[in-house]
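**Q** For reference, the chains in residue letters:
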Amino acid sequence: MAQQTRVAKTGNEAMAEAMRQINPDVVAAYPITPATEVVQIFAGFVADGAVDTEFVPVESEHSAMSACIGASAAGGRVMTGTSSQGLALMAEMLYIAAGLRLPIVLADVNRALSSPINIHCDHSDTMMVRDSGWIQIFSENSQEAYDNMLQAVRIAEKTRLPVVVTTDGFIISHGMEAIDILDDKEVKAFVGSYRPEHYLLKLEETLTIGALDLQDYYFEHRRQLAEAVKNSKPVIEDIGKEFGKKYGRAYGLLEKYMSDDAEIVIVAIGSTAGTAKAAIEDLRKNGVKAGLVKPRVFRPFPRDEMAAALKGAKAIAVMDRSDSLSGHEGQLCTEIKAALYDSGLKKTVLDYIYGLGGREIKLSEVEAVYADLAVAAKGKTGSGINYLGVRE
Amino acid sequence: MAAEKKTKPGWKELPEGDLIIGGGTAREFKTGDWRSLRPVHIKEKCINCLTCWVYCPDSAVIVKDGKVAGFNYDYCKGCGICEHECPVKGKAIKMVSEKEALKEGGK
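From first to last, the protein sequence lines are chains A and B. All the letters of the first sequence, read from the start, carry residue numbers 1 to 392 under the numbering used here. All the letters of the second sequence, read from the start, carry residue numbers 1 to 107 under the numbering used here.
Hints are computed from structural coordinates only; laboratory data are not their basis. Predicted model, so just to flag it, every value in this text is computed and none were measured. Where is the CB? At the ideal position from N, CA and C, for every residue including glycine. Any given hint could be a false lead.
Unchecked claim - A few chain B residues that don't get close to chain A, going by computed Cβ distances all over 10 Å:
#  : residue
1  : L14
2  : T25
3  : G32
4  : R35
5  : S36
6  : S59
7  : I62
8  : D65
9  : G70
10 : K77
11 : I81
12 : H84
13 : G90
14 : E100
15 : A101
16 : K103
What the hints assert, rightly or not - If we take Cβ atoms under 10 Å as the criterion, some of the chain A residues that face chain B in the derived model are:
#  : residue
17 : G99
18 : S114
19 : Y194
20 : E205
21 : G210
22 : D213
23 : Y218
24 : L225
25 : Y387
26 : R391
Claimed, not checked - Derived SDA-like pairs: lysine to any residue, alpha-carbon spacing no greater than 25 Å straight-line:
#  : chain 1 : residue 1 : chain 2 : residue 2
27 : B       : K8        : A       : D216
28 : A       : K241      : A       : V390
29 : B       : K12       : A       : Q3
30 : A       : K202      : B       : I20
31 : B       : K30       : A       : E220
32 : B       : K12       : A       : D131
33 : B       : K77       : B       : S97
34 : A       : K233      : B       : L14
Produce the entire structure from the sequences given, and follow the hints as far as they go.
**A** Encoded structure:
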């Protein structure tokens, strides 16, 4: 197995380090808390001559993604980073990047959307651009953030879809952890070089990218995008397996943690999955059959894999760190219910909206959710929505 | 539902990502079918000053040997600028209803 070095890195440092090793052609970025460091540290690498990247400092996130689109259409390997309001300002261009099938990789540090203004973690920014056609990969910790960034380049270029890799604002982005990183040469070999088939700077070919597409063509192109996102699932799985074989950390569309025989299961994304794992270890010691299913990829949603993972559960709690404001539940819960319905599984599903605006999610609160599930598993409570950790 | 007769490529046949490969493809995009009015050239009145040819935003005025020879209806959008700019008293270009023109067997 390839040699790795154990280092102490925050999530932002880990993402910047991955970007240094990937050495993209162009990075266009605008700073925003808590993602600033990702591109700030990377700008330092550019200034030091540690990378060959053309760094484009722009006047807004809308311009950042616009410059990324231009550079990617020209044929470059392109990356950027942002968070929250920055991602929201990019939203228009995110759809364009996906529609044009440009394999841009974006590091997003999850942060609440205004209003009220807040700089801390929740998943409302990433959920806001859920339907943009970007592949969305969530990280549980700095190690995953680093590993996901490396894989994202391969996934993007193979599927010709843009990929957003997220961490949780401050919790991961500013939390120092011991992580294992690969040698520069190894990363270079893993990501390979980018060889697009069509690009604007290809001198031997005349090409139009992004022409007006009216009633007679728009639908066909959107149908292609739908197919591409659907077909990205095996690509994500294959690259995750290859990463595991080479470096000892395998990845799939979702992670199952003690869920195979579990009666009560939490579904959570991002850093809260780590808290749930700690709770499960305690509960298992007391003979409680608790488990966790963590979707790593939210787009495309691993519907069939999720239904299979939840098949044996008696009661399920979905942890939504964002609210869809549908009046019923968060975005993740809707996906879980749809996955169960399509598989003909009628389950008790409790939804927990939690952690908005960086509100801490404590181990005791996750344990309380498992306690609720233990009651629900006996059929004593039905499905419903709960606001966990809010003051009444 | 009966499938519509396919005259354009399906989603599996198109290059992916809103790409148009190759140059000069605007020629294939015939914008003349947007027209609700069409210009008709009145040869007897025309002084061949070519003002219409200069002003036409779609370069749809056909000129042969220095004389106006009609309009390219594949690209003429029927904006009427040619008629408006025609300096001839009583106008040597007249905008007529596209629907009426088609009824009368116009192309």
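**Q** Compare the structure with each hint and give your call.
**A** Outcome of the hint check:
1. L14: The assertion about B/L14 is violated, with a minimum of 6 Å to chain A.
2. T25: 7 Å, violated
3. G32: 15 Å, holds
4. R35: 16 Å, holds
5. S36: 18 Å, holds
6. S59: B/S59 is indeed farther than 10 Å from all Cβ atoms of chain A, at 19 Å.
7. I62: 26 Å, holds
8. D65: B/D65 clear of chain A: closest Cβ-Cβ about 33 Å, beyond 10 Å.
9. G70: Given that every Cβ of chain A is farther than 10 Å from that of B/G70, nearest at about 28 Å, it holds.
10. K77: Per Cβ check, B/K77 is outside 10 Å of chain A; nearest 15 Å; holds.
11. I81: Per Cβ check, B/I81 is outside 10 Å of chain A; nearest 22 Å; holds.
12. H84: About 27 Å separates B/H84 from the closest Cβ of chain A, which puts it past 10 Å; holds.
13. G90: The claim holds: B/G90 sits with its nearest Cβ about 39 Å from chain A, beyond 10 Å.
14. E100: Holds: least Cβ distance 26 Å, greater than 10 Å.
15. A101: 24 Å, holds
16. K103: 26 Å, holds
17. G99: Result: holds, 6 Å to nearest chain B Cβ.
18. S114: 33 Å, violated
19. Y194: Given a least distance of 15 Å, the restraint on A/Y194 is violated.
20. E205: With a minimum Cβ separation of about 7 Å from chain B (threshold 10 Å), the hint on A/E205 holds.
21. G210: 6 Å, holds
22. D213: 6 Å, holds
23. Y218: Since chain B brings a Cβ to about 9 Å from A/Y218, closer than 10 Å, the hint holds.
24. L225: It holds, given that the least Cβ distance between A/L225 and chain B is near 8 Å, below 10 Å.
25. Y387: With Cβ-Cβ at 42 Å, over 10 Å, it is violated.
26. R391: With a minimum Cβ separation of about 49 Å from chain B (threshold 10 Å), the hint on A/R391 is violated.
27. B/K8 x A/D216: Given that 25 Å is the threshold and the Cα spacing comes to 8 Å, the pair holds.
28. A/K241 x A/V390: Judged against 25 Å, a Cα distance of about 40 Å means the pair is violated.
29. B/K12 x A/Q3: 43 Å, violated
30. A/K202 x B/I20: 14 Å, holds
31. B/K30 x A/E220: 20 Å, holds
32. B/K12 x A/D131: Distance of about 22 Å is within 25 Å: holds.
33. B/K77 x B/S97: 13 Å, holds
34. A/K233 x B/L14: Holds: A/K233 and B/L14 sit about 22 Å apart, inside 25 Å.
In terms of the numbered hints stated before, the structure departs from hints 1, 2, 18, 19, 25, 26, 28, 29, listed from lowest to highest.
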